[in-house]
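Novice: Okay, here's what each chain looks like letter by letter:
Number of protein chains: 2
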Amino acid sequence: MKIINTKDTNFNEEFENIQARAKSDIKGVSSIVMNIIDEIVTDGNEALKRHISKFDKWEVGSDENLLISLDDMKKAYENIDDNLKKSLHMAYDRIKAYHEKQLPKSWLDFEENGTILGQKVTAVDRAGLYIPGGKAAYPSSLLMNAIPAIVAGVKEIVVCTPTPNNEVNELLLAACYLCKVSKVYKVGGASAIAAMAYGTKTIPKVDVITGPGNIFVATAKKLVFGEVNIDMIAGPSEIGILADETAKPHYLAIDLLSQAEHDEMASSIMITTCDEVATLTSKEVEEYLKNLSREEIARKSIEERGAIIVASSMEEAIKLMNEIAPEHLEVMTKNPFELLPYIKHAGAIFLGENTPEPIGDYIAGPNHTLPTGSTAKFYSPLNVENFMKKSSIISFSKNAINELGEACAILADTEGLTAHAKSVRVRLEK
Amino acid sequence: MKIINTKDTNFNEEFENIQARAKSDIKGVSSIVMNIIDEIVTDGNEALKRHISKFDKWEVGSDENLLISLDDMKKAYENIDDNLKKSLHMAYDRIKAYHEKQLPKSWLDFEENGTILGQKVTAVDRAGLYIPGGKAAYPSSLLMNAIPAIVAGVKEIVVCTPTPNNEVNELLLAACYLCKVSKVYKVGGASAIAAMAYGTKTIPKVDVITGPGNIFVATAKKLVFGEVNIDMIAGPSEIGILADETAKPHYLAIDLLSQAEHDEMASSIMITTCDEVATLTSKEVEEYLKNLSREEIARKSIEERGAIIVASSMEEAIKLMNEIAPEHLEVMTKNPFELLPYIKHAGAIFLGENTPEPIGDYIAGPNHTLPTGSTAKFYSPLNVENFMKKSSIISFSKNAINELGEACAILADTEGLTAHAKSVRVRLEK
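Chain order of the listed sequences is X and D.
By the count of my numbering, the first sequence reaches residue 490 at its end, each step adding exactly one.
By the count of my numbering, the second sequence reaches residue 490 at its end, each step adding exactly one.
Same shape as in the complex, but just chain X:
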């Protein structure tokens, strides 16, 4: 694995390459996706069936075949082995407990002149979850998207997932049953996003669409943003690791690889203050690679998008990491909590040697849907508020309008909005 040093003469250039890591080329597929969306808006279910025939290679026939039956979900759930069932339940419970702590509360505040101001928080009526299908169907994605919606109090949760050759991933169905998702549609790609954004005869229009997907799905989500809300536009997965001289190279190496095995486009970056840790980790990566089931993918990712940076101080290391703003950040140092105040930009922060990133993918509790490609500078992890929205509350008493009304009318006059001013002044005591 490539090792670079912040003192290298070409470091700035190398670091720019790291920062310019895989961004989804949304522009390239925009016109294709726009056409797909238009087809769904115009032809609804019939367009869905055409797209399924073309991309997933099966013929839907009548509308109801788009829907997976609750019975199938129940069977799938009952068929999974006990250990897995126990693990799924443990994940479910822990994810639910964490997201319950995020729940915002409505509030009211009272002023002495009789003014009442506040904020009412409510769930959206309907959420649409997109879950990739086929071989890459991850039941954990279903848990991570459904549970925040459940905790938010969303009454109707709809799932779309592609079923290539009409084969459904049984584990995904089991997870849907566990989460009590009652409507799962066999629809994938940009078509699914368009169907949930605009509605068809079978698939209801939702208010919010969340969930991972390929470049077509990401582009469709961006294009329907405004018609519905979306969580974020995500790209390939990433890990950043801050390591000092106390970090164990064989932990660091497998953690870097756990990200690299996702995708050839995934990026795994470690910044360490210790030359020896850098060298040993690089060797360990090579060792582990030989025995990985997804060796080819991981190797390509490590070679093309991985790097170990040796920094001259932890301060410098953190500064660089804040610029990268990684999706996942492991802090593998002696006193990781002491560094927490200085970490500004990261999707999820994993502290200490017993906290490998995959713990956060499945079982810790926080969401694994995280901002990628430096967007942790402005996006948050998927959370209950993605499925909620707020309304401001304002109530003025007679006293309050008498006290504050004229100042309001003066501002309205200044902006030339005389009906605004008048609507206040008609209420003022003469």
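Don't read these hints as lab results, they were simulated from the structure.
Beta carbons: idealized from backbone N, C-alpha and C, even for Gly.
Just so you know, not all the hints are guaranteed correct.
Computed from the model, here is a short list of chain D residues facing chain X with C-beta under 8 Å [claimed, not checked]:
{"#": "1", "residue": "Tyr-137"}
{"#": "2", "residue": "Met-150"}
{"#": "3", "residue": "Tyr-158"}
{"#": "4", "residue": "Gln-179"}
{"#": "5", "residue": "Lys-282"}
{"#": "6", "residue": "Ile-314"}
{"#": "7", "residue": "Asp-315"}
{"#": "8", "residue": "Gly-425"}
{"#": "9", "residue": "Asn-443"}
{"#": "10", "residue": "Phe-456"}
{"#": "11", "residue": "Cys-468"}
{"#": "12", "residue": "Ala-479"}
Derived lysine to aspartate or glutamate pairs resembling DMTMM-like cross-links, with alpha carbons at most 25 Å apart [stated by the list, open to error]:
{"#": "13", "chain 1": "D", "residue 1": "Lys-165", "chain 2": "D", "residue 2": "Glu-445"}
{"#": "14", "chain 1": "D", "residue 1": "Lys-265", "chain 2": "X", "residue 2": "Glu-376"}
{"#": "15", "chain 1": "D", "residue 1": "Lys-240", "chain 2": "X", "residue 2": "Glu-475"}
{"#": "16", "chain 1": "X", "residue 1": "Lys-67", "chain 2": "X", "residue 2": "Glu-363"}
{"#": "17", "chain 1": "X", "residue 1": "Lys-240", "chain 2": "X", "residue 2": "Asp-131"}
{"#": "18", "chain 1": "D", "residue 1": "Lys-404", "chain 2": "X", "residue 2": "Glu-445"}
{"#": "19", "chain 1": "D", "residue 1": "Lys-156", "chain 2": "D", "residue 2": "Glu-230"}
{"#": "20", "chain 1": "X", "residue 1": "Lys-165", "chain 2": "D", "residue 2": "Glu-445"}
{"#": "21", "chain 1": "X", "residue 1": "Lys-265", "chain 2": "D", "residue 2": "Glu-73"}
{"#": "22", "chain 1": "D", "residue 1": "Lys-215", "chain 2": "X", "residue 2": "Glu-383"}
{"#": "23", "chain 1": "X", "residue 1": "Lys-134", "chain 2": "D", "residue 2": "Asp-473"}
{"#": "24", "chain 1": "X", "residue 1": "Lys-394", "chain 2": "D", "residue 2": "Glu-230"}
{"#": "25", "chain 1": "D", "residue 1": "Lys-146", "chain 2": "X", "residue 2": "Glu-489"}
{"#": "26", "chain 1": "D", "residue 1": "Lys-404", "chain 2": "X", "residue 2": "Asp-473"}
{"#": "27", "chain 1": "X", "residue 1": "Lys-394", "chain 2": "D", "residue 2": "Glu-489"}
{"#": "28", "chain 1": "X", "residue 1": "Lys-308", "chain 2": "X", "residue 2": "Glu-376"}
{"#": "29", "chain 1": "X", "residue 1": "Lys-379", "chain 2": "D", "residue 2": "Glu-216"}
{"#": "30", "chain 1": "D", "residue 1": "Lys-490", "chain 2": "D", "residue 2": "Glu-463"}
{"#": "31", "chain 1": "D", "residue 1": "Lys-243", "chain 2": "X", "residue 2": "Glu-445"}
{"#": "32", "chain 1": "D", "residue 1": "Lys-308", "chain 2": "D", "residue 2": "Glu-363"}
{"#": "33", "chain 1": "X", "residue 1": "Lys-490", "chain 2": "X", "residue 2": "Glu-475"}
{"#": "34", "chain 1": "X", "residue 1": "Lys-240", "chain 2": "X", "residue 2": "Asp-141"}
{"#": "35", "chain 1": "D", "residue 1": "Lys-350", "chain 2": "X", "residue 2": "Asp-473"}
{"#": "36", "chain 1": "X", "residue 1": "Lys-243", "chain 2": "X", "residue 2": "Asp-123"}
{"#": "37", "chain 1": "D", "residue 1": "Lys-135", "chain 2": "D", "residue 2": "Asp-123"}
{"#": "38", "chain 1": "D", "residue 1": "Lys-161", "chain 2": "D", "residue 2": "Glu-172"}
{"#": "39", "chain 1": "D", "residue 1": "Lys-134", "chain 2": "D", "residue 2": "Glu-227"}
{"#": "40", "chain 1": "X", "residue 1": "Lys-261", "chain 2": "D", "residue 2": "Glu-74"}
The hints should help you fit chain D onto chain X, whose structure is shown.
Specialist: Quick look at chain D alone, frame taken from chain X:
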């Protein structure tokens, strides 16, 4: 003003027309805006200067002329009359106090096995505010966009505003001085959004762009979403009013008009349970219209997009209003707070006869940047969290990984991610 009744045979059709109120035709201008963005990305400041010459009709010359000096802002502030200054300060203080109540806190939570989970909340590094310019420059827009960013703790706040014929709105400058915004650029339209999203030699790349604007600005915001975060995509302004037999028609009428005077595309909808209130309000609207400074705009808005609906019960009225999901909702009934639990979708809710909507535009405290066109079903008012983001925190003890690790590894195995499983298992005690 048109009065319709929910019992009318064509009511459903009429109501559909109301719901299909002015949506911004973003698609129509997308390709123009895409070209503008491409020009800014390619040519930076030079493209900005070309666009300013074309649209705002003045020649910038050297780069520094894009910036308004702090001195000019200070002068503008010192020149405004005392009453207005007092009103501006009152607005500033109240808006600040309200938004301080919204501030989310970071938190940590501890489990008995040594697990620590939490959420760290941080401000974005840099925010870009777009404020329309020229005659329609509203200092209140500046306050409403800058104050949440200030309260969130954003270190660098940048403002872009167009200055047609190089004439700057003095009140806007005064408001910028009051808010201590140090960088105000004379750049408007889609070019300004592109400049803040991608950065130019003079204008820094920001993390979040907020603020109102025309269809070109709205489209540009949608197109740069993902490169930066944005608040929402807003359309024409709207008011919905729920009124019972106790509501005063001359209040209702001027409140409807205060919305109508904004824009011919604005929509003003009242739903009342009382025939007489409907008839009298319609007459009062006609009376007020004759003396409005913006009569022509308001009349067109009321005639083409206004309606009074007579409902057979308050329950029905609320149900219809939730479907409309108005930007502003006035509840002009005897006991407005009793209806609050049933109101699901509205940007801001104004309760009781002393609370006209314009109070919320200027002085009450809550933000006046609100979701329009039914998007209150999923968007929130502009708030401090638009300028903040969260990072999840996860720290496992040796005990915790021993207790939960195997369940995690089982789930990873199930998904075929063996490096994920391995990164957990290497840490488990044998």
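Novice: Evaluate each hint against the coordinates.
Specialist: To see whether the hints hold, each was checked on the structure:
no.	hint	in the structure
1	Tyr-137	violated (14 Å)
2	Met-150	holds (5 Å)
3	Tyr-158	holds (6 Å)
4	Gln-179	holds (7 Å)
5	Lys-282	holds (6 Å)
6	Ile-314	holds (4 Å)
7	Asp-315	holds (5 Å)
8	Gly-425	holds (5 Å)
9	Asn-443	holds (7 Å)
10	Phe-456	holds (4 Å)
11	Cys-468	holds (4 Å)
12	Ala-479	holds (4 Å)
13	D:Lys-165 to D:Glu-445	holds (11 Å)
14	D:Lys-265 to X:Glu-376	holds (22 Å)
15	D:Lys-240 to X:Glu-475	holds (21 Å)
16	X:Lys-67 to X:Glu-363	holds (22 Å)
17	X:Lys-240 to X:Asp-131	holds (12 Å)
18	D:Lys-404 to X:Glu-445	holds (16 Å)
19	D:Lys-156 to D:Glu-230	holds (22 Å)
20	X:Lys-165 to D:Glu-445	holds (14 Å)
21	X:Lys-265 to D:Glu-73	holds (20 Å)
22	D:Lys-215 to X:Glu-383	holds (16 Å)
23	X:Lys-134 to D:Asp-473	holds (22 Å)
24	X:Lys-394 to D:Glu-230	violated (55 Å)
25	D:Lys-146 to X:Glu-489	holds (21 Å)
26	D:Lys-404 to X:Asp-473	violated (33 Å)
27	X:Lys-394 to D:Glu-489	holds (20 Å)
28	X:Lys-308 to X:Glu-376	holds (21 Å)
29	X:Lys-379 to D:Glu-216	holds (18 Å)
30	D:Lys-490 to D:Glu-463	holds (13 Å)
31	D:Lys-243 to X:Glu-445	violated (32 Å)
32	D:Lys-308 to D:Glu-363	holds (21 Å)
33	X:Lys-490 to X:Glu-475	holds (24 Å)
34	X:Lys-240 to X:Asp-141	holds (19 Å)
35	D:Lys-350 to X:Asp-473	holds (18 Å)
36	X:Lys-243 to X:Asp-123	holds (14 Å)
37	D:Lys-135 to D:Asp-123	holds (22 Å)
38	D:Lys-161 to D:Glu-172	violated (32 Å)
39	D:Lys-134 to D:Glu-227	holds (16 Å)
40	X:Lys-261 to D:Glu-74	holds (22 Å)
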